[in-house]
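Chains as they are written, first to last, in full-length UniProt numbering: chain P, 1 to 293; chain D, 1 to 265.
Some hints could be false.
Unchecked claim - Computed beta-carbon distance windows for the label pairs:
(1) P:ALA62 with D:VAL187: 49 to 57 Å
(2) P:ARG71 with D:ASP262: 34 to 42 Å
(3) P:ARG127 with D:ALA232: 46 to 54 Å
(4) P:ARG71 with D:LEU23: 37 to 45 Å
To be verified - Some, not all, of what chain P presents toward chain D, calculated at C-beta under 8 Å:
(5) ARG46
(6) LEU80
(7) ALA83
(8) MET101
To be verified - Some chain D residues close to chain P (C-beta under 8 Å, calculated; not the full set):
(9) SER14
(10) ALA89
(11) LEU92
Since the hints were derived computationally from the structure, they do not count as laboratory data. Every residue gets a Cβ at the ideal spot worked out from N, C-alpha and C, and that includes glycine.
Chain by chain, the residues:
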Amino acid sequence: MKVEVRGLTKTFGPVAAVTGLSFDVAPGAVTGFLGPNGAGKTTTMRMMLDLVAPGSGTVTYAGRRYSDLARPSAAVGAVLDGAGFHPACTARDHLRIYARMGRHGAARVAEVADLTGVSAFGDRATRTLSTGMRQRLNLATALLGDPGVLLLDEPGNGLDPEGIAWLRGFLRAMAAEGRTVLVSSHVLGEVEHLADHVVVIRDGRLVLDRPMAELYGSAAVVIHSPQAEAFAARLAERGTQVGQPRPGVLRVHGLTTAEIATLAASYGVVLHEITPERPTLEQTFLHLTGGSP
Amino acid sequence: MMTLVAAEWTRLTSTRLWLWGLLAALGSGALIGLAALVGPENFTPPLPGLETEEGTRVLLGLLGFTVFAPALLGTNAVAAEYRHGTITATALFAPRRWTWLAAKLAAYTVAGLAYGLLATAVAGGALLGAAALKGVTLGLPAGTVAVLLGRIALTMAVYTLLGVAVGALLRNQVLALLVVGAYFYMVETALMLVPGVKELYPFLPGGATAALTGFTYLSEAVATQTGTSATALLPAAAGGAVLVAYALVAAAVAVAAPLRRDIAR
Numbered sequence: 001m002k003v004e005v006r007g008l009t010k011t012f013g014p015v016a017a018v019t020g021l022s023f024d025v026a027p028g029a030v031t032g033f034l035g036p037n038g039a040g041k042t043t044t045m046r047m048m049l050d051l052v053a054p055g056s057g058t059v060t061y062a063g064r065r066y067s068d069l070a071r072p073s074a075a076v077g078a079v080l081d082g083a084g085f086h087p088a089c090t091a092r093d094h095l096r097i098y099a100r101m102g103r104h105g106a107a108r109v110a111e112v113a114d115l116t117g118v119s120a121f122g123d124r125a126t127r128t129l130s131t132g133m134r135q136r137l138n139l140a141t142a143l144l145g146d147p148g149v150l151l152l153d154e155p156g157n158g159l160d161p162e163g164i165a166w167l168r169g170f171l172r173a174m175a176a177e178g179r180t181v182l183v184s185s186h187v188l189g190e191v192e193h194l195a196d197h198v199v200v201i202r203d204g205r206l207v208l209d210r211p212m213a214e215l216y217g218s219a220a221v222v223i224h225s226p227q228a229e230a231f232a233a234r235l236a237e238r239g240t241q242v243g244q245p246r247p248g249v250l251r252v253h254g255l256t257t258a259e260i261a262t263l264a265a266s267y268g269v270v271l272h273e274i275t276p277e278r279p280t281l282e283q284t285f286l287h288l289t290g291g292s293p
Numbered sequence: 001m002m003t004l005v006a007a008e009w010t011r012l013t014s015t016r017l018w019l020w021g022l023l024a025a026l027g028s029g030a031l032i033g034l035a036a037l038v039g040p041e042n043f044t045p046p047l048p049g050l051e052t053e054e055g056t057r058v059l060l061g062l063l064g065f066t067v068f069a070p071a072l073l074g075t076n077a078v079a080a081e082y083r084h085g086t087i088t089a090t091a092l093f094a095p096r097r098w099t100w101l102a103a104k105l106a107a108y109t110v111a112g113l114a115y116g117l118l119a120t121a122v123a124g125g126a127l128l129g130a131a132a133l134k135g136v137t138l139g140l141p142a143g144t145v146a147v148l149l150g151r152i153a154l155t156m157a158v159y160t161l162l163g164v165a166v167g168a169l170l171r172n173q174v175l176a177l178l179v180v181g182a183y184f185y186m187v188e189t190a191l192m193l194v195p196g197v198k199e200l201y202p203f204l205p206g207g208a209t210a211a212l213t214g215f216t217y218l219s220e221a222v223a224t225q226t227g228t229s230a231t232a233l234l235p236a237a238a239g240g241a242v243l244v245a246y247a248l249v250a251a252a253v254a255v256a257a258p259l260r261r262d263i264a265r
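Pulled out of the complex, with its shape left as it was, chain P reads as follows:
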């Protein structure tokens, strides 16, 4: 199911939280929704779910607004920052309540509890749960309706490294099944190995909306060789873009490390070092959002 955000605007008093924001979230992929704290990510996601009324603009799921979906929780699952639980309620009872609300059947409670690891603490009162357990319970609640769209606001918050790795694998699997996955984060490392596409906002405005692969721009490989000049000439003959930042060092564009190593062997060129050069998403992000790297 495709999600379309069009011209979304929201002001809180004199503060413009989100301004004219438009982007699509495609099915079968993980879209990273990035921006520094206070950029308007949470407000945008809450507007996407009709929790916050936009000043103007629309959000549609296969053409329909969230509130107009026949069974919203069966179409869209959301994990939002600040969503809580009744402290005296057990984790399983929390799931039972919302399974009832969404008409998802009692069997789904056990299924999502197993899927997210909530089963391990299902009988504990939610007040005793760790932040990571609460995140899993939030995710389990979102999955009750087996939704085709998943919206997650900072889902990695409070998860330990193991939990983050698990979540990453889980969301990749969800996307591989053809679901639409949007994950917001201000921690770029979290999204770097997860997202296929990124939407970056800053001060409530769209900064960037493109595939992850394009975000890095032209990746380069740096090589060190005693025959750098000769190798540069050979590569240039092939039409490869080569730069020589200093003697003995080349920066090669458009070839992988394997391709370069193979070419070097075929030309009888000795290589001392071969390193893919790639700006981290963090650097790209800081550059795009106006921060200093």
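Here the structure of chain P is known, so what remains is to put chain D in place on it, guided by the hints.
Then chain D, alone, in the frame of chain P:
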């Protein structure tokens, strides 16, 4: 809608809130029994005894005075959702917000009625028991006592509904509990002391409740203290109608109010 009501019922029974409600209902009924055993004639100031009509009415009125308890339970229904942040999930699963508020109103009205029936059953039994123990007969025929108890049970259901509405409007759990408690125990009694305003008393929730439950002791006591004539209460049926009207207005406002509010947490 029935699934939402069922979900509210699951929510209500998944914490110990229902147990507290049960204890409060049993406790308020038992309180009447205790008061009957002590005997109104031993109160300070002394009141007519259990064997007189007035004495029996005072004890029933005392039970009517505990309607704040189910009102507080109702207040908790919505306010707790805001306090604990479950409002987000609730609004996600039922984005047409009037639906879950209507479901809450329905579920809690039933719960309030159950509370009222339990409290009045215990109180009725305790009154009869206390009278038997003391070797007197109640000052009112059993049929009249049953009717008055039934009206109190209905009043408790209506107050629970009012409580849900107040909780939906104020959202802050502690504030809502304070407002409901302060209104019933201070504001309305204080209003009775104001000469011009006291004419309104029969139309206020407390005055309507007094009319419905036939409990005029409070307004009479105020009249005696201030040396004025007591404000005449509405007939019981009219009092009941006023109370139901309050509940309906409160429910309508409660259902309409959150529609335009952002859930920003």
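Hint check:
Between P:ALA62 and D:VAL187 the CB atoms are about 52 Å apart, so this pair conforms to the stated range of 49 to 57 Å. Between P:ARG71 and D:ASP262, the C-beta spacing of about 23 Å breaks the proposed range 34 to 42 Å. Checking the proposed 46 to 54 Å range against P:ARG127 and D:ALA232 shows it holds: the Cβ atoms sit about 52 Å from each other. The supplied range of 37 to 45 Å is met by P:ARG71 and D:LEU23, whose beta-carbon atoms lie about 38 Å from each other.
Taking 8 Å as the C-beta contact cut-off toward chain D, the hint placing P:ARG46 at the interface holds, the least distance being around 7 Å. Evaluation of the P:LEU80 hint against chain D yields a held restraint, the C-beta minimum of about 6 Å falling below 8 Å. The beta carbon of P:ALA83 is positioned within 8 Å of a beta carbon in chain D (closest approach about 4 Å), and the interface hint is therefore held. The interface hint given for P:MET101 holds, since its Cβ lies 4 Å from the closest Cβ of chain D, which is under the 8 Å cut-off.
A cut of 8 Å between beta carbons decides the hint on D:SER14: the least distance to chain P is about 4 Å, and the hint holds. Below 8 Å, beta-carbon pairs count as interface contacts, and D:ALA89 has one with chain P at about 6 Å; its hint therefore holds. At about 6 Å, the closest approach between the beta carbon of D:LEU92 and any beta carbon in chain P falls short of 8 Å, and the interface hint on this residue holds.
Hint violations for this structure: number 2 only, all remaining hints satisfied.
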